[in-house]
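Student: Each chain is listed here by its residues.
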Amino acid sequence: MSSINFLKPDRTNLNTFLYLGSFLFFISILDVFLNSFFRLNLTGFLPNFLSFLLPLILGFVGLYFIRIEYSGIKNLDLLNKHINTNNFNAVLSLLIIFIIIKSLPPILSWFVIDASFAGDTKDVCTGSGACWTYIKVWMRRFMYGMYPNAEQWRINLSFVALVLLGSVGYFATDKFKKYLTLYYVVIYPLIAFLFIFFFISGGPVFFDFSYGIIAAILSIIIGFFIPSKFKFYYFLIVPLALYVILKYFLFFEEYIELGKLDGLNWVETGAWGGLSLTFIISFFCLIFCFPIGMAFALGRRSEFPLIRYISVGFIEFWRGVPLITVLFMSAVMFPMFLPEDFFIDKLVRAIIAISLFEAAYVAEVIRGGLQALPRGQYEAAKSLGMGYWKMHIFVILPQALKLVIPGIANTFLALVKDTPLIFVVGLLEIVGMLNLAKTNPKWLGFAMEGYVFAAIIFWIICYAMSKYSYNLEQKYKTDR
Amino acid sequence: MNFKLKDIVPQLITVLAVVLVFGFFTYNAQINMENRGIDFGYGFLTQESSFDVQFSLIEYDGSHSYFRAYLVGLLNTILVSVIGIIIATILGVIVGIARLSPNYLINKFAAFYVEFFRNIPLLLQIFFWYFAALRALPLPQDAEAMFGVFFLTIKGLYVPAFIWQNFNIFFYSIIAAIIAIIVIRAHAKKVQENQGKQIPVFLISIGLIFILPLLSFLIGGVRLSFEVPVLKQLATTSFIYEGGVSLPPELIALTLSLSLYTATFIAECVRAGIQGVGKGQKEAAASIGLTPNQVLKLVIMPQALRIIIPPTTNQYLNLTKNSSLAAAIAYPDLVLVFAGTALMQTGKAIEIVSITMFTYLTLSISISILMNWYNKKIAIQEK
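Here the protein sequences come in this chain order: C and V. Those letters in the first sequence? Residues 91 to 570, per my numbering, in order. Those letters in the second sequence? Residues 5 to 387, per my numbering, in order.
Don't read these hints as lab results, they were simulated from the structure. Bear in mind that the values here come from a model prediction, so they are computed numbers and not experimental data. Just so you know, not all the hints are guaranteed correct.
Claimed, not checked - For lysine-lysine, the following DSSO-like pairs were computed, each having C-alpha atoms within a straight-line distance of at most 27 angstroms:
1) Lys567/C to Lys159/V
2) Lys10/V to Lys194/V
3) Lys480/C to Lys381/V
4) Lys164/C to Lys381/V
5) Lys565/C to Lys267/C
As the list claims (entries may be wrong) - Reference listing, derived: stretches of chain C covered by chain V, where coverage requires no fewer than 3 residues with Cβ under 8 angstroms from a Cβ of chain V:
6) 408 to 415
7) 537 to 550
As the list claims (entries may be wrong) - Simulated restraints on C-beta separations:
8) Gly293/V to Glu393/C: 46 to 54 angstroms
9) Met236/C to Leu61/V: 57 to 65 angstroms
10) Trp479/C to Ala21/V: 34 to 42 angstroms
11) Ser370/V to Tyr560/C: 34 to 42 angstroms
12) Tyr338/C to Ala21/V: 20 to 28 angstroms
13) Ala288/V to Tyr560/C: 27 to 35 angstroms
14) Asp56/V to Val515/C: 20 to 28 angstroms
15) Val250/C to Val25/V: 35 to 43 angstroms
16) Pro106/V to Gly477/C: 38 to 46 angstroms
17) Ile369/V to Pro317/C: 22 to 30 angstroms
We put the beta carbon where it would ideally sit given N, CA and C, even for glycine.
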């Protein structure tokens with residue numbers, strides 16, 4: 091056996107280095123572990139800073155000893171390759187391991203061990219941990235806002251129904267697959283709209299806004315059967331006419347009364363809140379901002395200069411201002427711009443503001459997709475005799491949208507994360523409800539629990555969305 | 005020229021629609037303002053504002069004008085944005101590089117950081133830092149000093165103030181150092197192009213930027229002293245620090261959350277940029293005998309920067325716009341001071357909201373023009 095050079099670990103003395111190195115590494119981790127989990131200080135007899143640094147030094151030397159290339163031991167090679175490539179990496183790895191070990195006990199004890207779950211008053215929260223009782227007691231408020239307790243089944247039922255209706259696509263047979271786009275673009279939003287305004291609101295819902303939506307959707311449906319020659323003029327005239335007919339001739343007050351479900355009380359939108367409001371707002375903004383954004387993306391690439399300038403102006407304006415000022419505008423400035431007797435609910439105002447704002451971002455994302463398509467696609471479509479709309483609907487947009495799935499998903503994520511801002515117009519979704527609950531004199535001092543709770547919920551929603559978009563991207567990835 | 009009806013009609017109709025909508029709005033606004041007896045005009049900007057602002061970079065109190073209040077808000081917004089951008093860039097670059105590390109632990113740690121902070125709404129993070137985390141800090145009388153001079157308390161962070169003598173000489177020395185560096189760089193480039201010799205520009209630059217200011221201390225008579233904050237008792241239970249610079253907790257919470265949040269996006273941009281440079285580039289550079297440092301400096305970074313800069317600019321813009329969330333925790337930024345307090349007092353909704361939006365628009369557009377210029381400068385010059 092050759093003499094051992096401790097400064098240069100090599101394969102000839104593999105076992106010696108392996109045992110010595112792993113022993114030192116193990117000791118260093120054990121020291122930190124005992125220190126953090128059992129408050130034992132093995133190295134207490136040493137001077138302060140040395141006792142603090144000792145695990146790092148021991149671990150470093152240990153990792154140095156076991157850094158032997160091609161040792162022939164599979165696990166050792168893996169370890170060296172992943173966390174122990176050189177001195178610098180070894181120190182960083184050690185630091186991260188120590189940080190994890192050090193931070194686990196306080197986090198665990200705050201979340202679980204010292205936390206209180208039982209009871210329904212503040213008195214049970216005496217431990218040093220989190221007071222989950224607070225969340226339990228306020229759960230209904232965090233989920234439904236000020237919506238009356240007795241009526242909350244309406245929200246639950248609507249959401250369950252909408253989720254079921256939304257998942258139809260998974261069960262559709264091939265025969266019905268071709269109608270799915272129509273279903274998701276037109277019918278499903280309409281059903282959702284009716285559900286939320288008849289069922290969750292349950293009151294006088296037919297303000298002007300909904301006439302407009304019904305007119306638009308009806309005219310789109312009829313528009314499918316109009317010969318393409320007249321389509322342009324059709325869309326110029328019919329939606330407006332439908333709107334007028336609906337408002338002034340068809341829906342009289344008594345029809346509105348008929349439309350109300352018997353036995354449902356009206357709940358004004360000011361009482362809506364909590365997580366359900368987050369969902370409602372995200373849902374509607376998502377539905378509205380997509381077509382608006384698409385229109386402006388096409389407008390920005392239009393060959394008509396005036397339409398192009400207007401689109402550019404719209405997009406750059408909304409992208410240049412923060413959402414909070416947009417909401418300020420919808421709250422204090424927008425009412426000044428409307429006739430005096432014309433009242434728009436503040437929830438609707440907020441939804442319009444957020445939709446327009448996000449539409450500008452969606453427009454830029456879609457424009458990116460349109461620009462990424464090779465010219466050949468446009469030329470091929472034109473050479474088949476397709477007009478502008480046919481070319482875009484059947485050739486350009488399907489490919490462009492496929493390209494921009496990640497970008498659109500990011501915009502929608504931003505939308506969900508922006509919903510808490512509606513506190514500006516006085517609506518309280520989950521973060522707003524937390525701030526309200528935090529100032530309740532009976533439950534002072536639990537801000538941390540509330541924020542952690544909301545953070546977990548938002549994190550799950552956003553993370554799930556981003557993973558879903560990643561899957562979608564992989565699914566629709568086509569080689570070109 | 006031959007005008008076709010088909011080309012003109014859609015444009016005319018669009019313009020007509022836009023004009024009609026705007027006309028409708030203006031008409032209503034006029035009627036509404038007449039009914040409520042409000043007159044339109046920006047004259048209020050010169051009036052006395054008569055409200056106080058907690059934290060301001062320029063001298064301000066209630067006797068100043070509304071325009072001065074607007075400036076206070078604007079400067080506070082810019083302060084938060086600049087600090088946030090600096091911290092977010094440093095953190096983002098570190099995390100972005102860490103995400104590419106071959107070290108499994110560092111890689112996962114960085115990934116965890118990115119996934120964690122970017123999937124939580126920014127407003128919630130601001131609330132968390134301000135209402136939960138910073139409220140757990142000690143009272144001024146219980147605070148322990150960090151490094152003997154910093155005091156982190158529930159009322160904010162107290163840091164020593166610099167007190168300069170002959171500051172202008174120090175300032176000129178730094179300017180001189182920067183000019184000298186620019187000249188040396190230009191000269192070095194010329195020498196390299198003509199003779200192929202390399203001058204160690206980086207070392208010389210570092211030397212200059214340290215030595216010239218140092219000379220100003222030794223010869224120029226510049227003196228620097230620190231004013232350490234000192235605890236002072238106001239009443240039996242009320243303490244405060246005097247002297248030094250105090251950073252309010254709103255500012256700390258805001259910069260912390262803004263930079264932690266934006267850094268995740270910048271990290272992703274950096275990662276995408278470095279990954280976007282082909283492996284072949286690196287290998288080719290190594291094969292012609294460049295050292296690893298040169299490969300990074302001359303081959304990888306110039307190409308990566310081209311990919312990194314446009315999306316990073318967007319993130320800077322986002323950070324600036326997001327700084328308006330300050331209003332939620334009562335940090336006196338533009339939105340709170342101007343669109344909040346001033347609007348409440350004057351009731352001039354249209355004027356104030358339009359000024360606020362226009363200001364943000366100007367900020368955004370100027371950052372993007374600056375970055376577009378830089379981007380164009382480093383873009384590939386195709387021949």
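Student: Does each hint hold? Answer for all of them.
Tutor: Evaluation of the provided hints:
{"no.": "1", "hint": "Lys567/C to Lys159/V", "result": "violated (53 angstroms)"}
{"no.": "2", "hint": "Lys10/V to Lys194/V", "result": "violated (59 angstroms)"}
{"no.": "3", "hint": "Lys480/C to Lys381/V", "result": "violated (41 angstroms)"}
{"no.": "4", "hint": "Lys164/C to Lys381/V", "result": "violated (50 angstroms)"}
{"no.": "5", "hint": "Lys565/C to Lys267/C", "result": "holds (17 angstroms)"}
{"no.": "6", "hint": "408 to 415", "result": "holds (count 7)"}
{"no.": "7", "hint": "537 to 550", "result": "holds (count 8)"}
{"no.": "8", "hint": "Gly293/V to Glu393/C: 46 to 54 angstroms", "result": "holds (53 angstroms)"}
{"no.": "9", "hint": "Met236/C to Leu61/V: 57 to 65 angstroms", "result": "violated (41 angstroms)"}
{"no.": "10", "hint": "Trp479/C to Ala21/V: 34 to 42 angstroms", "result": "violated (19 angstroms)"}
{"no.": "11", "hint": "Ser370/V to Tyr560/C: 34 to 42 angstroms", "result": "holds (35 angstroms)"}
{"no.": "12", "hint": "Tyr338/C to Ala21/V: 20 to 28 angstroms", "result": "holds (21 angstroms)"}
{"no.": "13", "hint": "Ala288/V to Tyr560/C: 27 to 35 angstroms", "result": "holds (32 angstroms)"}
{"no.": "14", "hint": "Asp56/V to Val515/C: 20 to 28 angstroms", "result": "holds (27 angstroms)"}
{"no.": "15", "hint": "Val250/C to Val25/V: 35 to 43 angstroms", "result": "holds (39 angstroms)"}
{"no.": "16", "hint": "Pro106/V to Gly477/C: 38 to 46 angstroms", "result": "violated (54 angstroms)"}
{"no.": "17", "hint": "Ile369/V to Pro317/C: 22 to 30 angstroms", "result": "violated (45 angstroms)"}
Going through the hint list in order, the structure does not satisfy hints 1, 2, 3, 4, 9, 10, 16 and 17.
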